Amino acid sequence: MKKIRLRVNGVSREVIVDPETALLELLRDDLRLTGAKQSCDRKGQCGACMVVVDGQAVRSCLAKVGDLEGADVITVEGLGTPDNPHLIQQAFVLSGAIQCGFCTPGMIMATKVLLDADPNPTVEAIKHALRRNLCRCTGYKKIIEAVQLAGRFLRGETTPEAVRPDAAGGIMGVSHPRPSAMAKACGTAYFTADYRIAGALELAVLRSHLPHARIVSIDASEAQKMPGVAGVLTAADIRGTNILKYLVADRPLLCRDKVRYIGDPILAVAADTRQHAEGALAAVKVALEPLPTLSGPEVAMDPAAVQLHPEIPNLCFDQPQVKGDAEAALREAAAVVEARFKTQINHQAPLEPEATIAYWEKDDAGEDQLVIIGRSINIHYHLGMLQSALGWENMRYIEAFSGGQFGIKIDVISEGIAGAAAIHFKRPVRYIPSLAESMLATSKRHAFDMRVKLAADAQGKLTAYGNDFFVDNGAYHSIGHVVINRALLMLSGSYHIPNIAARGRLLYTNNPWGSAARGAGPPQINFALECAMDMLAEKLGIDPFDFRLRNSLAPGQSKSTGRVVQEWPFPELMEAMRPHYRRAVKEAAASRSGKVKRGVGLGTGAFGIGGPGDTAVAAVELDPDGGISVYAAAADPGEGNDSMLTQLTAEFMGIGMDRVRLHTRDTGNTAASGPAAGSRVTYMIGNAVLDALGQLKAAMQETGMKTGPDLEAAGKPRRYVGRKINEAGPLDPQTGQGPSFESQVHAVQMVELEVDTESGKVRILKMTTAVDAGPVINPLNLTGQLEGGMDMGVGFALREEYVAGKTKDWVSFKFPTIRDTFEMETIIRETPRPKGPFKSTGVGEMCLVPTAPAVVNAIRNAAGVWVCELPATPERIKAALAATR
Amino acid sequence: MTAPQPQRGVRTIAGREIAFDDEGFFESFEAWSEDAFEELARASGLPSITELHRQVIRFLREYYACNGRAPLNNQLRTGTGMSLLELDDLFPEGIKMGARRLAGLPNPKTCS
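Sequences listed follow chains A and B, in order.
Going letter by letter, the first sequence gives residues 14 to 898 in our numbering.
Going letter by letter, the second sequence gives residues 6 to 117 in our numbering.
Calculated directly from the structure, the hints in this document are not laboratory data.
Since this is a predicted model, take the numbers as computed values, not measurements.
Check before you lean on any hint, since a few could be wrong.
Unchecked claim - Derived DSS-like pairs: lysine-lysine, alpha-carbon spacing no greater than 25 Å straight-line:
| hint | chain 1 | residue 1 | chain 2 | residue 2 |
| --- | --- | --- | --- | --- |
| 1 | B | K101 | A | K375 |
| 2 | A | K355 | A | K891 |
| 3 | B | K101 | A | K258 |
| 4 | A | K819 | A | K298 |
| 5 | A | K298 | A | K271 |
| 6 | A | K610 | A | K552 |
Using the sequences provided together with the hints, build the complete structure.
Dropping the structure here:
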């Protein structure tokens with residue numbers, strides 16, 4: 014041990030520590046300064062822990078306290094507070110640079126060091142200063158803009174007051190700062206791992222290193238005797254079903270007899286410290302007997318293949334879609350293209366690793382109530398899953414601030430093990446897996462394998478589309494069949510295709526379990542359609558822009574589901590893109606002579622909003638002071654749902670936004686509004702809130718009352734429940750025809766890139782997105798989603814892939830950095846949608862639906878080769894180029 | 006279709022077509038009626054419907070109508086004046102699968 018004297022946020026501290034202790038550990042665990050976050054297992058890869066030490070930006074996970082004698086440390090808490098924020102913190106809030114907020118403290122501290130040295134940095138200098146800070150939400154564009162704005166503040170060129178939207182300037186369509194943004198900027202927003210509980214047990218979990226095996230034996234006797242160990246938890250200790258049933262009861266909380274993928278949980282060790290738990294885990298002896306592995310859908314389809322789940326066939330869902338007579342249309346077409354497209358298993362990559370806190374409280378009747386704090390985006394549904402799996406009814410779920418999720422939290426992950434341990438040991442529990450373990454534990458984006466035929470007549474009008482696709486479900490179902498249905502619901506994209514023959518098949522394998530991932534099905538299926546559109550346009554000798562416009566669906570025509578649409582503002586969006594496309598094509602044509610060739614690619618998307626069978630519920634209440642409380646479990650892992658609910662409510666009721674009080678995080682006081690998934694929150698929950706507010710407003714108008722107590726005295730309730738109920742689904746099981754989405758958000762994306770034809774490397778120069786999501790509620794929130802989605806879409810197209818057992822951190826995942834950024838431009842159209850809240854829809858997922866095909870089409874345009882398997886890595890591009898020589 | 010996925014269904018209960026989810030819960034809170042409750046209660050093996058049953062069902066429906074969710078256990082105890090044991094005795098299928106289901110409270114919504 015060593016005694017170290019240092020200053021932290023201006024306060025002198027003397028600590029006696031192991032000199033090897035990481036500064037991050039001292040800050041978070043001992044000094045309770047939790048603004049600095051941990052994402053990358055202390056490898057220095059993410060910058061979420063960035064602080065200032067003696068004027069330098071330092072990753073506190075790498076700095077050793079023993080080296081900091083006399084050091085002056087500043088954390089984000091030392092920079093400013095929500096009541097008295099620093100100008101940099103204000104700049105991040107006002108620029109819309111804060112979405113989930115997990116990376117924000119590190120970004121702000123890196124910015125502080127940069128601007129102290131250079132208050133007017135170039136973009137390149139900003140990128141250099143923030144090169145070690147990762148962000149998954151923003152695509153870095155608004156972060157760069159925030160640094161520039163902070164520089165203007167610090168140089169005295171403008172002030173936060175001058176930049177902040179004026180309340181008198183209206184509510185809708187104005188970029189009012191998110192209600193949660195300042196807390197995130199100042200490090201006072203609590204994420205799950207930020208909660209400490211005295212006496213809490215820490216968990217370490219043993220997970221399978223084999224994709225399929227029988228559990229022969231477990232010997233935890235040595236582990237039980239080790240220091241600080243409270244005990245070992247196995248499936249036999251769980252009181253409930255031990256099954257985390259999302260839609261199908263197939264996923265064990267802890268495996269009892271078999272493991273089915275690399276990462277399946279076998280047991281947990283509980284101890285007084287994480288170190289003790291991990292030490293004891295290493296002493297557990299588990300014998301696994303390997304079983305035959307289902308490595309992919311083709312293997313799982315083999316009649317001789319082992320059946321993964323005893324009562325469910327490997328082919329666990331099979332949904333055709335038939336419209337018209339595709340066979341005849343393909344036979345008679347003037348041109349047909351055929352191709353096979355594959356997409357990869359991918360990690361959603363929220364910056365915050367998985368985490369759960371479980372503790373006990375007494376309910377009103379003095380009974381023991383288990384409280385789960387975690388990252389759920391559907392707290393009421395997850396509560397029900399946990400009650401059954403754990404065999405404990407008296408529970409409450411609280412959503413903490415969440416460091417992104419992108420679909421990964423549609424299902425329960427660490428909550429089950431933490432809750433089971435809390436019940437078994439009758440103690441509070443913290444289960445904070447490492448990033449590497451989080452990658453093993455969590456769901457992944459489904460891999461698609463698609464065989465496609467697309468046909469057109471001599472006039473260049475689409476006549477038929479066939480898509481026979483297999484989806485790798487992985488080891489457990491989660492939302493597997495929903496992903497296939499969503500792919501079929503949006504199969505025909507932006508276009509009118511009169512004849513359809515499609516079939517989606519879902520197969521259990523021993524790969525990581527698939528589940529929701531931003532878009533969940535449409536990004537994969539649209540990759541095939543949009544690339545095939547370029548292939549067919551080329552075969553017909555038609556410009557791909559004109560070919561798309563020529564084949565736009567029109568009101569009165571039907572999608573692949575047979576559902577006739579009433580609105581389709583896609584041609585107008587294409588026209589908005591046309592001048593940009595002309596410019597880009599001209600510029601690219603001038604850059605084709607050397608080994609680095611420039612290309613332009615298009616992709617479009619029509620993303621369904623308001624799905625069949627969906628319902629939402631929300632409650633509102635008139636407060637004693639005339640303010641409005643909204644009670645709706647509308648999770649906000651970064652999209653800005655707090656802005657949306659606040660602005661809708663204030664606008665509808667004609668009150669200030671500061672008088673809207675949101676209650677969205679606790680099953681104890683919220684309506685069960687459904688998941689923050691499928692881009693549904695604005696459309697479904699927003700509409701449910703407006704329905705409730707409509708009832709309240711009518712009662713207030715009838716009585717003339719303006720406060721809750723007065724309204725009650727006048728004989729009316731102060732509280733109202735509203736609903737949004739869509740037409741029932743699902744698709745017909747034989748034809749795939751049936752109810753579809755109530756509306757669509759439309760997008761056209763154009764990629765300009767360069768391909769180095771020797772190295773196969775791709776450099777994205779610019780992406781332009783034209784989008785029509787209806788009237789915009791908050792422009793910065795909308796463009797923030799688009800920019801983050803473009804960045805994520807490019808990662809999906811070019812770099813990212815999850816390989817079980819190999820992808821273990823942000824470097825092996827190829828997480829996009831600020832150096833990967835490219836120019837982004839957004840074109841917004843606002844066609845009103847009759848059924849949307851204030852005629853709006855939603856935009857969170859659509860933004861990456863057209864991206865991957867736009868990138869691959871641009872590669873074709875630049876280098877003359879097709880790369881039909883994602884990611885389009887340099888190796889694949891080089892192989893395609895070699896095949897043409 | 007070879008699916009294990011939940012099979013929702015529409016059944017005729019008390020002369021009306023009602024949509025249920027895969028666990029037999031009402032899809033729509035508004036589709037419930039006293040008649041539907043009685044028919045479903047008989048089908049679930051409830052030997053007789055007493056005023057106590059109706060009292061619990063009324064509380065559950067009023068709570069959901071006001072809050073948009075089912076009550077937590079302590080709220081159920083307070084609202085009905087009964088212990089969880091008494092409630093379990095009253096509804097042999099338990100609070101969730103018995104009382105909440107018969108009261109027509111939909112399951113929390115999810116992707117399906």
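Now the hints, each set against the structure:
| no. | hint | result |
| --- | --- | --- |
| 1 | B/K101 <-> A/K375 | holds, 22 Å |
| 2 | A/K355 <-> A/K891 | holds, 18 Å |
| 3 | B/K101 <-> A/K258 | holds, 16 Å |
| 4 | A/K819 <-> A/K298 | holds, 23 Å |
| 5 | A/K298 <-> A/K271 | holds, 16 Å |
| 6 | A/K610 <-> A/K552 | holds, 22 Å |
Hint violations for this structure: none, all hints satisfied.
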